[in-house]
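Asker: So the protein lines, in turn, are chains A and B. Note that our numbering has the first sequence beginning at 37, numbered continuously upward. Note that our numbering has the second sequence beginning at 37, numbered continuously upward.
Worth flagging that the hints you see were computed from the coordinates, not collected in a lab. Just so you know, not all the hints are guaranteed correct.
Here are some chain A residues pointing at chain B (derived, C-beta under 8 Å) [as the list claims (entries may be wrong)]: (1) K53; (2) G55; (3) F138; (4) C148; (5) V152; (6) K158; (7) P165; (8) V171; (9) G174; (10) F175.
Backbone N, C-alpha and C fix where the C-beta goes; we use that ideal spot for every residue, glycine too.
The primary structure of each chain is shown beneath.
Protein chains: 2
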Amino acid sequence: MEIPPINMSEYNDLLKKNGLSVTESRKKILDLFFESDGALAHADIEKNTDAAFDRVTVYRTLQTFVEKGIIHQIPTTDNSVLYALCKHNCEQGHHHDNHVHFICTHCDKTFCLDDVTVPEVKLPAGFSPSQKAMVVTGFCKECR
Amino acid sequence: MEIPPINMSEYNDLLKKNGLSVTESRKKILDLFFESDGALAHADIEKNTDAAFDRVTVYRTLQTFVEKGIIHQIPTTDNSVLYALCKHNCEQGHHHDNHVHFICTHCDKTFCLDDVTVPEVKLPAGFSPSQKAMVVTGFCKECR
DNA sequence: GCATTTTTGCAATATTGTTGCAAAAATATA
DNA sequence: TATATTTTTGCAACAATATTGCAAAAATGC
Numbered sequence: 037m038e039i040p041p042i043n044m045s046e047y048n049d050l051l052k053k054n055g056l057s058v059t060e061s062r063k064k065i066l067d068l069f070f071e072s073d074g075a076l077a078h079a080d081i082e083k084n085t086d087a088a089f090d091r092v093t094v095y096r097t098l099q100t101f102v103e104k105g106i107i108h109q110i111p112t113t114d115n116s117v118l119y120a121l122c123k124h125n126c127e128q129g130h131h132h133d134n135h136v137h138f139i140c141t142h143c144d145k146t147f148c149l150d151d152v153t154v155p156e157v158k159l160p161a162g163f164s165p166s167q168k169a170m171v172v173t174g175f176c177k178e179c180r
Numbered sequence: 037m038e039i040p041p042i043n044m045s046e047y048n049d050l051l052k053k054n055g056l057s058v059t060e061s062r063k064k065i066l067d068l069f070f071e072s073d074g075a076l077a078h079a080d081i082e083k084n085t086d087a088a089f090d091r092v093t094v095y096r097t098l099q100t101f102v103e104k105g106i107i108h109q110i111p112t113t114d115n116s117v118l119y120a121l122c123k124h125n126c127e128q129g130h131h132h133d134n135h136v137h138f139i140c141t142h143c144d145k146t147f148c149l150d151d152v153t154v155p156e157v158k159l160p161a162g163f164s165p166s167q168k169a170m171v172v173t174g175f176c177k178e179c180r
């Protein structure tokens, strides 16, 4: 059974469904995520909103979205935090151990490869896995 | 052909081999890594050296060690940077796409599972991978 | 439309990381 | 071993990033 992707015009529903008030900042930030085909950093969001919202608001909005499972964080080796939409509107606490993230070393965009599942690995005795994440870097489809 | 693990008493050799001067800070930080069975963050190192060294020195030492391939960075979802020893003293620029990292959600330690190789994944058309990293979270062998 | 709840923005503060430069330490050389 | 050269350190200043409390503003529920 396919879960349909979120319709871009339904920001209000998405917010209300998660018990959140509908505000300008939240709608605008949601919009940025839906427009972007990659992942966004806090800085990207500030840049693209012309500082219309306070930095604190952006931080809190991202945090709220993560808590509600609207966006998720992507692991990186530098100390930047990247966020990306949960394409299939996963439930709260969904931890995205199921798809691979791709970071392009040329354009620096990050992609959620929703259709690529993270393969199983056999761990040494005593280790009990609960989640797993995989990050691949290289050249993306536009930069190759 | 097995590459033997580094002998803990040979910090000097390890540093010199990499063209680095042997200093107190470098020896102490190396020691912390060899003592630790997990990965370390910058903060861990500051804590365990009683602020004997300047923050800047710690930053620069870590950076140097990464450049020389003595330690490597581990991707995380929060914005912390973790470092771990390259157990098999890999050459410069080695990017550690070959083993899995395990983060324990109970004791917060991070382990390099040197013997667990990152499996291959098939990417969508157009994506050219160069490196890949995998992070598994759960309970480690001591906390299960 | 009004009371209640939620969210925002400001200010202040904390944390984290970077750079230039002179002093100190380590290494190389005589 | 003493000295010259190179490397590394620590300080100071700064920059970027993130967090908290609280009053004002906005959104929601009735």
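Asker: Does each hint fit the structure? Answer for all of them.
Answerer: Hints versus structure:
1. K53: violated, 24 Å
2. G55: For G55(A), the interface hint is violated, since the closest Cβ of chain B sits about 24 Å away, which is over 8 Å.
3. F138: holds, 6 Å
4. C148: violated, 11 Å
5. V152: holds, 6 Å
6. K158: holds, 7 Å
7. P165: This hint holds: P165(A) lies near chain B, its Cβ roughly 4 Å from the closest one there, short of 8 Å.
8. V171: holds, 5 Å
9. G174: holds, 4 Å
10. F175: For F175(A), the interface hint holds, since the closest Cβ of chain B sits about 5 Å away, which is under 8 Å.
The structure fails to meet hints 1, 2 and 4 from the earlier list, while all remaining hints are met.
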